[in-house]
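Just add 1316 to wherever you are in the sequence shown, counting from 1, and you've got this note's numbering.
List of simulated lysine-lysine pairs, DSBU-like, C-alpha gap at most 30 Å:
hint : residue 1 : residue 2
1    : K1392     : K1329
2    : K1392     : K1373
3    : K1329     : K1373
4    : K1392     : K1319
5    : K1373     : K1319
So the derived label-pair ranges between C-beta atoms look like this:
hint : residue 1 : residue 2 : range
6    : A1332     : L1387     : 32 to 38 Å
7    : P1398     : I1350     : 17 to 23 Å
8    : V1408     : D1347     : 15 to 21 Å
9    : S1367     : C1402     : 19 to 25 Å
10   : Y1406     : K1373     : 17 to 23 Å
Worth flagging that the hints you see were computed from the coordinates, not collected in a lab. The beta carbon of each residue, even a glycine, is placed where N, CA and C say it ideally should be.
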Amino acid sequence: MNKYLILHYGFEKPTAEEMGAWNQWFESIADIQIERGHFPGGSEVSETGVSDLPFGKDSITGYTMIQAESLEEATKISQACPFVQCTRVYEVRG
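Please take these sequences and the hints and turn them into a complete structure.
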């Protein structure tokens, strides 16, 4: 099994029904989930300085690390996520 990082983008306050679907998705991947978390804010650092990153529809708002056999399998798992507006999947090598 390989490790894959699913980055979650976008946020709008969920309804109770959406939160239920979100929690069910996490329950469905519990046996392959390694770690998960969220980003309530952040900073962008560049040569010209530091600026705050907003928390909203274009933000990276969270991540889920999973185990899967392939990028294709990890992508299918990501596509089943009911709440996030957009996800990106990366293989993690260590």
